[in-house]
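Same order as they appear, the protein sequences are chains A and B.
Its first residue numbered 17, the first sequence is counted upward by one per residue in the numbering used here.
Its first residue numbered 243, the second sequence is counted upward by one per residue in the numbering used here.
Hints may contain errors.
As the list claims (entries may be wrong) - Simulated crosslink set (EDC-like; lysine to aspartate or glutamate; CA at most 16 Å straight-line):
| no. | chain 1 | residue 1 | chain 2 | residue 2 |
| --- | --- | --- | --- | --- |
| 1 | B | Lys-487 | B | Asp-421 |
| 2 | B | Lys-290 | B | Glu-249 |
| 3 | B | Lys-610 | B | Asp-570 |
| 4 | B | Lys-610 | B | Glu-620 |
| 5 | B | Lys-323 | B | Asp-288 |
| 6 | B | Lys-491 | B | Asp-416 |
| 7 | A | Lys-63 | B | Asp-260 |
| 8 | B | Lys-580 | A | Asp-81 |
| 9 | B | Lys-610 | B | Glu-653 |
| 10 | B | Lys-584 | A | Asp-81 |
| 11 | B | Lys-451 | B | Asp-421 |
| 12 | B | Lys-584 | A | Glu-235 |
| 13 | B | Lys-323 | B | Asp-416 |
| 14 | B | Lys-610 | B | Glu-640 |
| 15 | A | Lys-56 | B | Asp-260 |
| 16 | B | Lys-613 | B | Asp-578 |
| 17 | A | Lys-56 | A | Glu-66 |
| 18 | B | Lys-613 | B | Glu-653 |
| 19 | B | Lys-491 | A | Glu-61 |
| 20 | B | Lys-613 | B | Glu-574 |
| 21 | B | Lys-315 | A | Glu-163 |
| 22 | B | Lys-362 | B | Asp-472 |
| 23 | B | Lys-403 | B | Glu-436 |
| 24 | B | Lys-542 | B | Glu-622 |
| 25 | B | Lys-613 | B | Glu-637 |
| 26 | A | Lys-157 | B | Asp-288 |
| 27 | A | Lys-63 | B | Glu-508 |
| 28 | A | Lys-56 | B | Glu-508 |
What the hints contain is simulated information worked out from the structure, not anything from laboratory work.
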Amino acid sequence: MSDPMGFLLWVKGPGLNWALAIFALGMLVRIVEIFMLGRKTNYAEPKGGEWGPGFKTILTRSVADPGTFARAPFNVVVGWIWHIGFLITLLLFIPHIELFRGVLGIAWPGLPNPVVDAVTAITILALVATLVHRLQHPVKKRISTPEDYLVWTVTFLPLLTGYLAYHRLVNPYPLILGLHILSVNLFLVVFPFTKLTHVFTAFIARWYNGAIFGRKGVES
Amino acid sequence: MSELTLERGLNALRAEIDAPVAAFFSSCVHCGICATACPFCTETGDPKYTPILKLEPLRLVWESEFTLWGRIKSSLGLSRKVTDEMLAEWEELLYDSCSMCGRCSIVCPVGNDLQYMIRKTREGMVASGHAPEGLIGAAGRAIRTGSPMGLQWKTLDVQIKHVEGSTGLEVPVDKAGADYLVLLSSMEIINFPEYLEAITKIFDHAGVKWTLSTDCFEATNAGIQIGSKDIAAELVERVVSAATKLNVKNVISPECGHAYTAIRWEGPNLIGRSYPFRVFHIIEVLDDLRASGRLQTEGKETDRLSMHDPCNLARKSGVIQQQRNLMDLVAENFVDLKEHGKYQWCCGAGGGVSSNERAEPLKMAAFKRKKAQIEEVEPERMVTMCATCRTQLEEGLEEFNMDIPVVGLTEMIADHLVEKGPPRG
């Protein structure tokens, strides 16, 4: 582990395996904890269904209503940019797809490297902007906790190290690639214990929201 | 405050935590968009009123006791504990600065139903002795006298006699087997007696068999506003008992927002069983009568009218198109506020805020949002269908020297009924 190659082999081998195990087990516990609580029987005569409206809200809540967009344009626009940017760099970068092929046995077409490179740069800038916004906006500043800054950091580091590795800006290459994978491991380990859980639970939350409103005959 | 009282509050919070609550708290990313949806935030500019922050006591209990990770953190002494001091500090956030309008619930990007959780958190506040005096008084009066304002049947009886005198129609009381049991709100009886006269005329016109009940005339539920299931269930049982005794098929909630959500949505769950009758808001009943051709109207209001959707009726119960159908029937110059229906803005008085005297400055601050909306479309009059909203609109518009009268939709409909010969007497 003292040499860069040894470090790289460890982070992409045992390190990644441990991180994936903690991520998978941790998230399984979180999801089971939610559903185990259940809901009480609802005796009120429904005006509408729950399943349909629930699934509809999973989709529709991705788009802000015009009033909210006008009142929080930064949140909406920058939020969309960095979420999509993050997904593109994660899922459509060809070396990543090769990794998925190796682990999961499935693959899909990627985007040309220069495109992913540009998207990464935009995503990095957008994430920096969200940090500045969090530090300055009165509401965000007031409701932010150390966890918010931890989550920002572990989300930012894979993008930054990936960008540095791709452009060979740190030498030797195995060191920066190792740091990139280490940052991903860190992201995976932190994931189940922080608000990163929203990646999964937001779909559950939106379903419940849509179902609760839908039962009352309101499209949420 | 004793340890015991705090523990009772914490137990009440524990009892409220369910799968949706866990999913909601697991999903919050602290984006702050809920603050842009809340009139108490936008109009005071104070970030402490951010809706998700108001839920911190419930969130702490959930995290430290209902998640494995939280339990580990607590056992290491790393979690903040809910204390009596904390709950005392949160009283203003959970009551004075929240009308449970649910606007945050409909815009939260991750789908958190914050209003659902505010309602739950209030259970813990009541149990731990941290509810506002004004609401404690209203809930006590509701239990003792049947009315949160301490109003008694004899007051209503005087009004009934007055209505019978002015209309020449009978106001049916305790008529077993009627199609509809009509409930009223005390605020309506005191501030807007024209409502009773209006439904008396409309139901006579449409040939609806209805009745009032001397056992129970109050539709509102102070137990739900304060957040006490025991009180709320007792008040619902009174309605169920009166409706069952008279063997009515339907119960009509008056021009009041929360009374409708209380009886329509929470009631059956409070008493743990379905009703042997159906529940409608008066506006739903009127629109049904319209659709079936039983409302014959003549003439239209000609001035520029706009409408305030009560949160409980529109966003929280899906009654949105009905009031617009009825407006079309009697108004030729109707213009909607820009954000209306499920995206409407609260008047600032709901959720018990209007019964909580100490919240008066915040209530007026929140009204500025509605005021701005009204100024955008410049109506000559406002129409609404909730006595609390109507009172707040009247007080608010007067406070800001805006000469815009507020009318109830039901009475506006009654004003346009086609005369059908000499009244029966």
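Results of checking the hints against the structure:
no. : hint                  : result
1   : B/Lys-487 - B/Asp-421 : 13 Å, holds
2   : B/Lys-290 - B/Glu-249 : 26 Å, violated
3   : B/Lys-610 - B/Asp-570 : 28 Å, violated
4   : B/Lys-610 - B/Glu-620 : 15 Å, holds
5   : B/Lys-323 - B/Asp-288 : 25 Å, violated
6   : B/Lys-491 - B/Asp-416 : 14 Å, holds
7   : A/Lys-63 - B/Asp-260  : 22 Å, violated
8   : B/Lys-580 - A/Asp-81  : 13 Å, holds
9   : B/Lys-610 - B/Glu-653 : 27 Å, violated
10  : B/Lys-584 - A/Asp-81  : 11 Å, holds
11  : B/Lys-451 - B/Asp-421 : 5 Å, holds
12  : B/Lys-584 - A/Glu-235 : 8 Å, holds
13  : B/Lys-323 - B/Asp-416 : 53 Å, violated
14  : B/Lys-610 - B/Glu-640 : 12 Å, holds
15  : A/Lys-56 - B/Asp-260  : 8 Å, holds
16  : B/Lys-613 - B/Asp-578 : 14 Å, holds
17  : A/Lys-56 - A/Glu-66   : 14 Å, holds
18  : B/Lys-613 - B/Glu-653 : 23 Å, violated
19  : B/Lys-491 - A/Glu-61  : 14 Å, holds
20  : B/Lys-613 - B/Glu-574 : 23 Å, violated
21  : B/Lys-315 - A/Glu-163 : 14 Å, holds
22  : B/Lys-362 - B/Asp-472 : 13 Å, holds
23  : B/Lys-403 - B/Glu-436 : 13 Å, holds
24  : B/Lys-542 - B/Glu-622 : 15 Å, holds
25  : B/Lys-613 - B/Glu-637 : 11 Å, holds
26  : A/Lys-157 - B/Asp-288 : 12 Å, holds
27  : A/Lys-63 - B/Glu-508  : 14 Å, holds
28  : A/Lys-56 - B/Glu-508  : 12 Å, holds
Checked against the numbered hints above, the structure breaks hints 2, 3, 5, 7, 9, 13, 18, 20 and satisfies the rest.
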